[in-house]
Amino acid sequence: MRLAKVIGTVVATRKEESLTGFKLLVIQEIDPLGKREVKNRLVAVDTLGAGEGDIVLWVVGGAARVVSEEHRKAPLDVAIVGIIDSVDTYDE
Amino acid sequence: MRLAKVIGTVVATRKEESLTGFKLLVIQEIDPLGKREVKNRLVAVDTLGAGEGDIVLWVVGGAARVVSEEHRKAPLDVAIVGIIDSVDTYDE
Amino acid sequence: MRLAKVIGTVVATRKEESLTGFKLLVIQEIDPLGKREVKNRLVAVDTLGAGEGDIVLWVVGGAARVVSEEHRKAPLDVAIVGIIDSVDTYDE
Amino acid sequence: MRLAKVIGTVVATRKEESLTGFKLLVIQEIDPLGKREVKNRLVAVDTLGAGEGDIVLWVVGGAARVVSEEHRKAPLDVAIVGIIDSVDTYDE
Amino acid sequence: MRLAKVIGTVVATRKEESLTGFKLLVIQEIDPLGKREVKNRLVAVDTLGAGEGDIVLWVVGGAARVVSEEHRKAPLDVAIVGIIDSVDTYDE
Numbered sequence: 005m006r007l008a009k010v011i012g013t014v015v016a017t018r019k020e021e022s023l024t025g026f027k028l029l030v031i032q033e034i035d036p037l038g039k040r041e042v043k044n045r046l047v048a049v050d051t052l053g054a055g056e057g058d059i060v061l062w063v064v065g066g067a068a069r070v071v072s073e074e075h076r077k078a079p080l081d082v083a084i085v086g087i088i089d090s091v092d093t094y095d096e
Numbered sequence: 005m006r007l008a009k010v011i012g013t014v015v016a017t018r019k020e021e022s023l024t025g026f027k028l029l030v031i032q033e034i035d036p037l038g039k040r041e042v043k044n045r046l047v048a049v050d051t052l053g054a055g056e057g058d059i060v061l062w063v064v065g066g067a068a069r070v071v072s073e074e075h076r077k078a079p080l081d082v083a084i085v086g087i088i089d090s091v092d093t094y095d096e
Numbered sequence: 005m006r007l008a009k010v011i012g013t014v015v016a017t018r019k020e021e022s023l024t025g026f027k028l029l030v031i032q033e034i035d036p037l038g039k040r041e042v043k044n045r046l047v048a049v050d051t052l053g054a055g056e057g058d059i060v061l062w063v064v065g066g067a068a069r070v071v072s073e074e075h076r077k078a079p080l081d082v083a084i085v086g087i088i089d090s091v092d093t094y095d096e
Numbered sequence: 005m006r007l008a009k010v011i012g013t014v015v016a017t018r019k020e021e022s023l024t025g026f027k028l029l030v031i032q033e034i035d036p037l038g039k040r041e042v043k044n045r046l047v048a049v050d051t052l053g054a055g056e057g058d059i060v061l062w063v064v065g066g067a068a069r070v071v072s073e074e075h076r077k078a079p080l081d082v083a084i085v086g087i088i089d090s091v092d093t094y095d096e
Numbered sequence: 005m006r007l008a009k010v011i012g013t014v015v016a017t018r019k020e021e022s023l024t025g026f027k028l029l030v031i032q033e034i035d036p037l038g039k040r041e042v043k044n045r046l047v048a049v050d051t052l053g054a055g056e057g058d059i060v061l062w063v064v065g066g067a068a069r070v071v072s073e074e075h076r077k078a079p080l081d082v083a084i085v086g087i088i089d090s091v092d093t094y095d096e
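Order-wise, the sequence lines are chains P, Y, U, F and H.
For the first sequence, my numbering assigns the number 5 to the initial residue and increments by one for each residue that follows.
For the second sequence, my numbering assigns the number 5 to the initial residue and increments by one for each residue that follows.
For the third sequence, my numbering assigns the number 5 to the initial residue and increments by one for each residue that follows.
For the fourth sequence, my numbering assigns the number 5 to the initial residue and increments by one for each residue that follows.
For the fifth sequence, my numbering assigns the number 5 to the initial residue and increments by one for each residue that follows.
Simulated from the structure, these hints should not be mistaken for laboratory data.
Be aware that one or more of the hints could be misleading.
All copies of an identical chain are treated as equivalent in the list; a pair is satisfied when it fits inside any one copy or across any two copies.
Said to hold, decoys possible - Here are the simulated PhoX-like pairs of lysine-lysine, each with C-alpha atoms no more than 25 Å apart in a straight line:
id, residue 1, residue 2
1, 27, 39
2, 77, 43
3, 77, 39
4, 27, 9
All figures in this text were calculated on a predicted structure; none of them were measured in a lab.
Full structure from sequences and hints, please.
Listed below in structure tokens is the structure:
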């Protein structure tokens, strides 16, 4: 599981029917410590109501389809599964 | 899920029988913000009628075989699952 | 399987219901030989009681959901599966 | 799916029994456009009769075990699924 | 599938119960041609009796759990599936 910031949305009218109804967000991966710039940007399915600027927890692969019966039948490989309140790291 | 531009096609006469009938496109991954050059080029199965220059949404792994019963039985790991109309990103 | 050091925790009040009850730790991947800095930081589910500074063994993908029936139903893709006592490498 | 060139073979007498009978080829990933050097070299299972210098289409992960009932029972994660006749890219 | 050299062992007393009895080896990925240094070091489950300095064939992901019924129930994602006798590459 990794962290990301929600930075946009994607619109796709022509798509696999099983993807209909899923909100597609553009997310930018972030380092949990905020110390390192991560340039990886992806498109994630969201069913938690994540919005602009939210820091989210996301998964890849089969995990993304475990979320619900609708996820299970849809060709998706990245899903938002949590909205982060805080990251606490130990003093180093 | 990631974005890519359709840049070509691939022909393979000798192949696993379950791949017969699938259109194989060469795609070049692109950054959703268009800010960063991504050099990753792959071969993807397409059943949406994507063509030259289209910006597509694609998935990897098991997600690529969720698309249909034919996909499920074929040894494929990259599939186009949407054709992008627009990417909207928040002001930064 | 890879090694990592536990460096923090993550709190997410809004999340997929099946993730409720799982402890979410921030881990930093480490090289088994300690010779190379690895900058990869992730969020992992922990059910072994790993704590600050522990060196842990972690898995990704479907392996993370093999751990228990609760893991199987939750959208998670990184799990801690062992706490390391020692790494012994042969003289080179 | 990606492209590769067949560059060698691997012999392993001691191996998982379910791998017996599979031909193991060394492949070197190539860029579909031939514009970029890719240094990734892997070992792939082949059942199509690919030989020295052939350009092949290969898959990773679960897709590699979809090929046949024998593949399904064997611990393999890279398989050749096509032999490429031609790659056609649009003028840019 | 990739090649690696066995370079050490890992001891973890506290671990998922289903991992009990598995030997955990530290492996260092190697290039099949020996031309390129690969710095990737992992922990792999071994049931073939691989030892110090052996060159092994290993798999990742679900493939690692196909090996046996015990593997199937354990949270592991890297397994040694062969011990290499020789790598033969064509003249280039």
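Okay, the hints, checked on the actual structure:
Only between protomers do residue 27 and residue 39 lie at most 25 Å apart by alpha-carbon distance; the minimum there is 23 Å, versus 30 Å within a single protomer. In this assembly of identical chains, residue 77 and residue 43 lie within 25 Å of each other by CA distance neither inside one copy nor across copies; the values are 30 Å within and 31 Å between. With identical chains, the CA atoms of residue 77 and residue 39 are never at most 25 Å apart, being 38 Å at best within one copy and 33 Å at best between copies. In this assembly of identical chains, the alpha carbons of residue 27 and residue 9 lie at most 25 Å apart whether taken from the same copy (15 Å) or from different copies (21 Å).
The earlier numbered hints that this structure contradicts are 2 and 3.
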